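Take the given structure of chain A and dock chain B to it, following the hints.
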Amino acid sequence: MIHPHPPMGPKSPDSPRRAGDVQARFDPTSRLGRRRGPRSSSFRSRVGAWASGGGPLIWLTAGAVSVSLVMVLGLVAVIAVRGLGHFWPAAVVETVYHSQAEGEIRVLGAVRRSETVTPVVLREIGYEIPDEMADELFVRHLFQLGNRDLTGQDFRWFPGPPFTGEWSYPEDVLVLERTEWGNFFGYLRGLQENGHVVAEGEEAWPVLRDRVARARDLRRRIEQIERRGIGSVNIRMERLRLEERAMELQGDEDPQVLAELRARRAALAEEYSVLEAQRLELQQEIQRDAVVAETMDGRLVDIPLERVIRASGPNRMSVTEKGRHYVGKFWEFVSDYPREANTEGGILPAIFGTVIMVLLMSIFVTPVGILAAIYLREYAKQGRFVQFIRVCVNNLAGVPSIVFGVFGLGFFIYFVGGGIDRLFYPEALPAPTFGTPGLLWASLTLALLTLPVVIVATEEGLTRIPRSIREASYAVGSTKAETVWKIVVPMAAPAMMTGLILAVARAAGEVAPLMLVGVVKLAPNLPVDGIAPFLHLERKFMHLGFHIYDVGFQSPNVEAARPLVYATALTLVIIIIALNLTAIAIRQRLREKYRSESD
Amino acid sequence: MSEREAGLNAAPRTTTQEPAGTRNLLAGLGTPVERTPVPGLQAEAAAFELDDVGVQYGDVTALKGVNLTIPRNRITAFIGPSGCGKSTLLRSLNRMNDLVDSARLLGEIRLEGEDIYAPGVDVVELRRRVGMVFQKPNPFPKTVYENVAYGLRIQGVRRASVLDEAVERSLTQAALWDEVKDRLDKPAVELSGGQQQRLVIARAIAIEPEVILLDEPCSALDPLSTAKVESLMYELKADFTLVIVTHNMQQASRVSDYTAFLYLGELVEMGPTDQIFLKPGEQATEDYITGRFG
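As they're listed, the protein sequences go chains A and B.
Quick note: the first sequence, position 449, residue 449 per the working numbering, numbers continuous.
Quick note: the second sequence, position 218, residue 817 per the working numbering, numbers continuous.
Here chain B stands alone, though its shape is the one from the complex:
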């Protein structure tokens, strides 16, 4: 209890009402928590802003005091050892943690300036804006076509031409169209693991979200498929904001623009990927990325 109160007290809500994209991100936040300005980030438009975010599962604190900004149309990577809370952080961005009965969020998360945990927020609508790709490919037991069309169908899209067009566009964007265009009516589970993972990416982008969260998307894939997914992410960044959780340091350094290092449920530091990997500000970061622990 006391921890929760402390968490709440530490994060007095800011009520900046400026249009999100135009303001200076860090200047507008005004939290009492000390935050070293991230070089280069000031120039970016923010998709997500997190103020003193904490997550508790029952009595267990998985995450606390996280302040960070996720820039629009960039790839932001969360790295850190197992159990550091990076997946929890990612899953709180589209309120996936709501599915866990005991989970509770502290602090505030704003998507384009709106508090996504405010009462009255439509979670379904939020998840349409913030798509997600999971660690293991998890296509529905339906055909390739139906997997991609599912999100649109539940939104009430019925017209075959609209669906056809969306499926082709999404699969093309996910760099999968050429491989599956002849077997759209085959069960999705018949695809290879790498193809399945690109299929679920296509499924996520079919509903045209603003942000795509990727929770260790390549950990179950072979190197070739990993390379494909990585280059795909690079393509996608033009249209979407991407947030990726990864265990793989090389992957973070290869694909991401910004990297946040989390350790023991706290954000250690965040910065441009080059800087985090070449000149980390904190000793812990350096120890982790050079493999001294983790």
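Bound-form chain A, shown alone:
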């Protein structure tokens, strides 16, 4: 006999009445079933049997799991769909919109979003709806029109038919991604080299592709000279200045050393002028070509390729080409620096900043937390005082993170950092070196924030090491130190990793305190580079969490930034998952290694 809810409760086997109920459910002809009488009574008993078998509890618990699962997957799905869709080249629509106020508007752009609205809404935002259509629903579309430099409005809602004319997708639509002013939408008309037309019409497309690639190469070389070469010269120049200033402060200006400094400065200036000359040369090169395009309202414009990052004709691209375009855009997103107030380009500095800050935080928090937990659990005399400390540690975990940010600002930055500056970097004052928000202080603040998590998890792990294992160690003549460090601590290592996992998860998602102690909207340099000492702890950095906030809410161009918010959020989630999976994998290996019978 198979039925979905067998009476499993401890009571059911020896309860004849309940056994009868079950039978009544499946064998209506049985004497018991008939004696039960009316259906309602049998239904009630059926419910009773279900309830006593633990049915409601199973449903309740399974329901809770489903809700969590749906929410997690839904969250990831929403940000993934909205974020990743952004990089796909959207088809460009050409149509005409008849407006009573503005007359006929020619529209050329990509539909970014659509929504169904009532006529009331349309009327409120200024469209005239004839009364005979007042009962209908309309669809309106958000067009990305681009050309912010020409029209000042690169995103605009237009109602769909019947307010717009027929939609067409012309083949010669050109979309240019530019270094400034956002995208350009228009028709390709030709290509110029030093002001002379070299290609026109259809044959301009392949030429355009080659020349955009050339411009991209040149731009990359210019960037390299600026970032690596000139940047490095500037930093060394600044160090030279500080050296000189330090000597001045100490009052021993050895003329010989001064002369040497002057020589070094001259050498740097020489290096700089060489680099500058190279840069100018490349700049000349890159200014050679320009694309001639016609905008929707019939204007012919010249756009120098110097400012074009990517040129595409979305309406003439095959799916493979679109795929390649997508991969390219996505790669740019994760590997490039941001442009245009973070609404374009990539998020590499933010990814880099997040990861390096989390790693530094782990390096700070792990030893301190583990050692503290070992002392509390293994060495401290268990009593009221230790209990009190434990309560304090647990409460620390509940302190709002912004409070840690304020503490970090007041203690680490102003007190410690300011002290370091006065002691070790007096030559740079009044410009602070460590007395200003930076990577080191942000990591330390987050380490403090996550310290309780590590302590609690480690203590938990230490408590779970069976007494018998400790005794076994003592019984072969180990000292307490040997027992703790050779047997107990390795066995508690998986618990320590659990603590670290929780700490990483919390730290990577934290934004509020970081705004006070080191995160900025735009950091000119990565905190790691090729200039000694390679890791620059005093530098400010970018962070994905703050980047989301900044792009989403502080951006001048909300519509352009919106997909990037989702894409950045997705990146942050993926990074946290990746960090956690790494830690979980390590923990799994440790568990295998230190598996004891008690596990």
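Note that these hints are calculated values from the structure, not bench results.
Given the structure is predicted, the values throughout are model-derived calculations rather than measurements.
Just so you know, even glycine gets a beta-carbon here, dropped at the ideal spot from N, CA and C.
Only true hints are included.
Derived lysine to aspartate or glutamate pairs resembling DMTMM-like cross-links, with alpha carbons at most 20 Å apart: (1) A:K521 <-> A:E180; (2) A:K480 <-> B:D697; (3) B:K735 <-> B:E789; (4) A:K593 <-> B:E745; (5) A:K480 <-> B:D700; (6) A:K486 <-> B:E745; (7) A:K521 <-> A:E340; (8) A:K381 <-> A:E471; (9) A:K381 <-> A:E460; (10) A:K486 <-> B:D784.
So, partial list: chain A residues that the calculated Cβ filter (under 7 Å) puts toward chain B: (11) S468; (12) I469; (13) A475; (14) G477; (15) S478; (16) T479; (17) E482; (18) M491; (19) Y594; (20) R595.
Pulled a few chain B residues facing chain A out of the computed Cβ check, cut under 7 Å: (21) R726; (22) M731; (23) G750; (24) I753; (25) V788.
Chain B alone, transformed into the frame defined by chain A:
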């Protein structure tokens, strides 16, 4: 407090300085507590001598007034009902009770004539001389090899050849070598329960102690493994002094040379195993071993 003082007063320390192995054990003890001479024990050399030993956990007295001698290279069994203090007594022999903060020892325990609770005694050194095997097999979460080598490693033995030799010798002595020689680098927890228990015995004998304490070593084992461990104990007695706590009366009668019966924290009687089981001196002993209580 008064109990403690009473305990102390009742056990004036004897200061016999004779070499331990050569003297007549019971004659040398000179305690005021009455002690019936144990037949046959006089001829044995003593490993442990206990004078009026008591153990208190905080205010609770777990053991009091125990006077006994544990002979060298013999198997001595402690029997008695649960909670009679036999494990406490065993654990006081290598000062394992020190790990319990509230535990306090009264009286005196001498190992080869030295008071092991005297100030300045190195507990670590004592435990190297008095090894211990526990009720549940408790191998370290390390490989078979590392489990046996652990005791030597913490003593600073680094040479691989020395360690290899010691591991093989100990495992052979523990009758485990043939079963594990091909998987020395496998985690010890992968062994069966009986093998694990012999492994921890090997771990204990690897550091060449004088005495091995066994706290109900077979209670978690199946009969076959129990038989193996028992025959192993019989082998080991040539090299070590063994003290075993057991619940199992048959086991005590099978393996031990001497048996001490404890009841309610006191030593009722001790004697050669045959005599305790066949002709016990006390009514309580007879009642216990014939199963009338316990």
